[in-house]
Structure formats: C-alpha cells, structure tokens
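Peer 1: Spelled out, the chains give:
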Amino acid sequence: MNTSRELLRDYSDEALMLLVRDGDHKAFEELLRRYEKQLLSFFYRLTSDYDGAKDLVMDVFLKLYQAAARYEPRAKFSTYIYQIARNLSINEFNKRQFRKTSSLDEMDEEDGIEIAGNEPNAMEIMERQEKQQMVQMALNSLNEEQRTILILTEYQGLPIDRVAQIMGCSVGTIKSRMFRARQRIKEWMVEHGL
Amino acid sequence: MDCRIVQKRLGDYRMGILSEPEHALVDQHLANCADCRAALRDEESVSSFLRQTEDLAPPETSVASELMQKLKQKDRETRHGTGRDSLFIRVAVIVLVVVLFALAGVLIMRYSRDNKAYYPTYGPVGFTWVGDSDEDEGELWKSLPGMPSEGRSVHNIQIPVKQPDPDAPESNGRVIHTFELETDGDPADGPPVRDKEGK
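Protein chains in written order, with our numbering: chain A, 38 to 231; chain B, 366 to 564.
Take the hints with a grain of salt, since some may be wrong.
Said to hold, decoys possible - Calculated lysine to any residue pairs in the SDA-like style (CA-CA distance at most 25 Å, straight line): (1) Lys212(A) / Ala467(B); (2) Lys168(A) / Arg406(B); (3) Lys212(A) / Cys401(B).
No lab work stands behind these hints, which were simulated from the structure alone.
Please put together the full structure from these sequences, using the hints given.
Peer 2: Here you go:
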C-alpha cells in the first residue's frame, strides 16, 4: 500500500517509519527526502570525502529499510537515524583513517565542492571555498568523538540531551567533550593565525 | 560565582540552556569581570569560525533513485534465493552433511578396531600360540598385553608370526604352537581353559 505523496508531507517522521514497516515505499522515499541532505552534510563534515559521504548516506537508508520490520517508536526518529549514522561512521573510521589534512596544499581540487548560492565573482567563490577548507581542517584536528559531537550540535542543531542519546553517554560527558573540542578548535585557530 | 565556574558554564550560557537564576548570576559576573568577558568572546569566535561553512549543495543526482534500485534488487534476491545469504546457507548444509558422514565413518572404524584388539588376548575357543620355537614362548608370552603372570591362568591363543619352522605343522605358511595354560581358582577370574589342539 502506498499513500499519496502530498498526504505524506503532513506525517511525522515516526508515523512515516511505521508506514515503511507496513511496506509503504512512498513513505520511505519521503523520509529519504527529509534526511538525505542533512545526513550528507553530517558525513561530509566527518569524513572530508564527498563521495564517501554519499555512500554512507545510502548505507544509513539501507540499514533503515532492513530494520523497518522491527521498528518501534521508542525515541524520536531523528535520534534513531542519527544513531544508525553514528554507528556507521565508527565502522568507517575504523576501516579507513579519516583524512587529516594538515595544510591547504594537501587538499586537492576535488575537495572544493559546490557551494549553494549565486556567485558571479570567481574570486569570491575561491575565498569561500578556502574558508570551507579551513573549517574542515580544524574539524579534522579533533578526534572522532569530539568531531561528531561538535557537528551534531553546531551544524545539525541537535540539543545536548539528544546528542547524549545518540552517542550513548550522559549529558555531562557530552558537555565536557564539547568543551574540550571547542578549546582544541580555539588552539587550532591561534596556531593558524586566525 | 568564581571565574572557573562561570567559564565552565559559558557554553550553556551561549546556548541559552542555563536555568533563570544561573543565567542571571553569570550575567552579573560578566558585567564585572573582563577575563570572563574575554573567554565569552573566544567562545563566540569559535562559533563564528565554525559557521563560516556554507550549506553543501545537494548532489546532482539524489541518492534516492540509486537507493530504490538497490532495495528492489535486494527484494528480488530474497524472493528468489539467489542472494549471497541463501548460497551461504546451502554451502553450510552440504559441509555439515559431509562432516557428519566422515564422523560416522571414523566411529565405525574405531569400534571395529577396538573389537579386533581383544582377539589376541582372550580369543574365542580354540586359539593356539604360533611362534618360531619353544624358546620364544616365555618372552612372547610376557610381552602380550594384559596377559597374567606365569602359572596363573591358561589360555590358548594364536598369533601369526612370519618365520616358518619346517618341523612344525604349518598353517598358511606360519608355524603353529599350541600352549595350554592352567587357571587357578574360579574360572570367573579369567578366561576359561580351552583344548590343547588349536586350529
């Protein structure tokens, strides 16, 4: 059974996932549409690898689909999907070291991904790409946990208690790791004259 | 509130998640402390730096179509059992059957061998000792596993030996000697006494 696309826009994430559990492919596509971009952003900031990030997004949704039959709405859906994403990122981190570029020269042209917006000036485009790369390098100076926590709070805008659920630790631990992560970013900025 | 406590709370203060009384205390401290105001500016500079990253442009081809194709493929494989999982199960079943057969064969062979091992020691009726000469009797007799000490029990046993004695009766190219041993006491203590002549 497939509910119409317009109707699905009004459904909550949890309700959509229950429809997926009952075999509704359109509901699954709607969830994909809602979370694809933010998961891509999450994985890209984590891995500095755009193609790798796309593969990881697909893996998240594949896992979601395979686990649909067992789904129970015990927590918010965003917590659930980020837990899947987090577990995959740990596996990926263990399989291959995330790139830790130490200078701008080491980042090649492929890392200059497309930035949304209308940019008439090539110079401005280059400047913005350079800023993007600087931030990515600063993030790469953190360990995997610190990086994940900072990305979830600063970029994905998740509250601390949700991040604690995703990471599987206490709110106090998240706050303390976040504090150290931000201190490390500050040190990196000073080292690079920012 | 001292500076160490305030600076630990600056992250929560920035995010607006302190309780009202705590927020007011931090506000009051910041109004009077230049060091903590500088620490707050540092916090804010980190946030501004991190927020420089633009939103990533969405991919040219969304992962959706690629993903839906992969899912359809997986559904097909599950239905027709051509997936890696069903192949693995079939191979595992075949290996298990082969292992069970091999194990059964080993057990059968071992059981048969064990039964044969008893023959030289306590054979059925009519066994005779086969050896090179009479002089060998004592040594060979002592070397037989499980045999009692001299003079206690009597058995007729037959053990094939390679070198034939032309003076002795032959059986399939082997010399046959017959020995009779006497049993003391209750026959239940050992095998029964058999005939002198053996086959």
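Peer 1: Each hint: holds or not?
Peer 2: Now the hints, each set against the structure:
Distance restraint check for lysine 212(A) and alanine 467(B): the Cα-Cα separation of roughly 61 Å exceeds the 25 Å cut-off, and the hinted pair is therefore not satisfied. As the CA atoms of lysine 168(A) and arginine 406(B) are separated by approximately 20 Å, the hinted pair is consistent with the 25 Å bound. Taking the CA atoms of lysine 212(A) and cysteine 401(B), the gap is about 19 Å. The hint holds against a cut of 25 Å.
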